[in-house]
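Protein sequences appear in the order of chains A and B. In this text, residue positions in the first sequence follow this note's numbering: the first is 1365, and each later residue adds one. In this text, residue positions in the second sequence follow this note's numbering: the first is 300, and each later residue adds one.
No lab work stands behind these hints, which were simulated from the structure alone. Note that beta-carbon positions come from the ideal geometry of N, C-alpha and C, so glycine has one too. It is possible that part of the hints are untrue.
As the list claims (entries may be wrong) - Here are some chain B residues the structure puts well away from chain A; computed CB gaps all over 12 Å: (1) SER354; (2) GLY355; (3) TYR374; (4) SER383; (5) ALA388; (6) SER391; (7) SER394; (8) ALA410; (9) SER433; (10) LEU435; (11) LYS457; (12) PRO459; (13) ASN486.
What the hints assert, rightly or not - Coverage of chain A stretches by chain B, computed from C-beta distances (three or more under 8 Å per stretch; other residues unrestricted): (14) 1562–1574; (15) 1618–1625.
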Amino acid sequence: MDLLNLIENINAADPEFADRISDRRAAIKNITSFGSKVAVAALPFAFATLFKKAYGQSATTDVNSVLNFALTAEYLESSFYNTYTAKSYIPSSDAPGFAIIKTDENNHVKFLKSVLGANAIASPQFDFSGGAGSGNGPFASVETSYDTFLALSQAFEDTGVRAYKGQATNLMSNATVLTAALNIHSVEARHASHVRRLRQLRGVQVKPWITGVTSEISIAAAASVYAGEDNTTQGSVNITTLAGVNGSISANAASEAFDEPLTKNQVVAILSLFIKA
Amino acid sequence: MKTHTFKNDSGLAGVDLSRRSFLRYAGAGAAAVAAVATIESCKKEKHVYKTDVGSGDTAILNYAYALEQLEAAFYIQVCNSPYSGMTSAENSLLSDIRDHEIAHREFFKAALGSSAIKGLTPNFSSINFSDRSSVLAASKAFEDLGVSAYNGAGAMLKNPDYLLIAGKIVSVEARHAALIRDLIQFNTFIDASVVDINNTSTEYSKTPAQVIPVANQYLAANSQLSFTADGIM
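Given these sequences and hints, build the entire structure.
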């Protein structure tokens, strides 16, 4: 664990980090400004204490519930990639990208668990057929079909993006956690873009960004992943009335330019298809 | 130094940043940030005139507006003078990105209303627009920078509505960044320069103080941003 790096990130991302742990301000400064082996050797203990103070103690129940919600989604994603990236249907040209995504999702699980500590929920068991435990849901061909795998991957990544986005305002009380969540959110969006690009290169009519509610996933259950993505009004501004290159900005561009959030309930409804009851 | 202006782009036309208002530090609120356009009217005297961007959330939104102006101007130029060998598929993707960045820019302009900073003049003289590698490298730099900037500014926003909209934009910037990286070399949508891939797999966010010097490399001298903050630097 690159503790120096993480602390520097926290300080950069959260200007109030030092204040958050004001009695440890001197310790933080020492940690980040000295590279001596003594200081580094002392890090694990100091860091664990600081980490708990910054994330654990000040984290309210609400923040923990948001983090456990995120952890559930990350459990699903990591389990999905741990299971299916071992399949022989993944072309060697695409394997390096999925190795990155798999690592990221496992790292997100570890990170969220470390933040939640004893409050972390355990991983549910998953049914990636989308059958809520029946093993015979609409995505059952994921066992043998790379295209189904890609469709599910796209749906999970886009759901992840929308889920984190929907929780951001619930984390405003804790700048450190909010910034960490945003820093995961953009990684999920990078994954989604890559998977969509893979599908596009295989002839599927999707782009790295979300156009309207189009998913090019024929299974009806996927529609709920994209509900509301065709929104073209942000705040009080109707984007399609604004000036583009030729005339007004198109509805497609207006929709693509802004990803939309999902509520917790919407996300739970999606995830529940893949969780063994 | 060569600068580009874009006549088909109403948002950048007729920009005049000169001596609009004398600098008033936007430091009233905690963690206020001022990303302001500066004019050095007389280098010897080192007087700096800046456009007041307000404080608090308005300053953050203007900071985003400045970055979106830069990105939109870049992609307009890319699409107006396609690099050698640009495929139709690449043209389509880059045109989409251009339209997204224009949407972001025009959104901020509309949302900020009379609080918006003026149109900035870019300086893309370091970019060879006829060369694919040069264009995509610049594109990657802009997109990665944009993602890190939004991620770093999110927690500075006080208004939840603004935070949500920033969240809606940053994931689109991340989609752009990943695509451009995949165009440069497939499977490089994430690497250790932008994401802590060996530990938490969180993106490295950046503060305005880290972002602005990079952005300034692509802005004309009379449009460069400067930074003030309470409790950040």
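_Given coverage of the stretch 1618–1625 of chain A by chain B, tested with a Cβ cutoff of 8 Å and a minimum of 3 residues_ = holds (count 7)
_Non-interface claim for GLY355 of chain B, where every Cβ of chain A lies beyond 12 Å_ = Fine: 14 Å to the nearest Cβ keeps GLY355 of chain B off the interface.
*Is it the case that ASN486 of chain B keeps its Cβ farther than 12 Å from each residue Cβ in chain A?*
Violated, since 4 Å does not exceed 12 Å.
_12 Å Cβ clearance of PRO459 of chain B from chain A_ = violated (4 Å)
_Minimum C-beta separation from ALA388 of chain B to chain A exceeding 12 Å: can you confirm that?_
Given a closest Cβ separation of 9 Å, the condition is violated.
*Could you let me know if the closest chain A CB is still more than 12 Å away from the CB of LEU435 of chain B?*
holds (14 Å)
*Could you check that no beta carbon of chain A comes within 12 Å of the beta carbon of ALA410 of chain B?*
ALA410 of chain B is in fact no farther than 12 Å from some Cβ atom of chain A, at 6 Å.
_Quick check for students: does the CB of TYR374 of chain B sit more than 12 Å from each CB in chain A?_
For TYR374 of chain B, whose nearest Cβ neighbour in chain A is about 10 Å away, the distance does not exceed 12 Å, so it is violated.
*Holds or violated: is the Cβ of SER354 of chain B farther than 12 Å from all Cβ atoms of chain A?*
holds (15 Å)
_Cβ separation check - SER394 of chain B to all of chain A, threshold 12 Å_ = violated (8 Å)
*Is the Cβ of LYS457 of chain B more than 12 Å away from each Cβ in chain A?*
LYS457 of chain B not clear of chain A: closest Cβ-Cβ about 8 Å, inside 12 Å.
*Minimum Cβ-Cβ distance from SER433 of chain B to chain A exceeds 12 Å*: holds (22 Å)
Of the hints listed earlier, those the structure fails to meet are numbers 3, 5, 6, 7, 8, 11, 12 and 13, in rising order.
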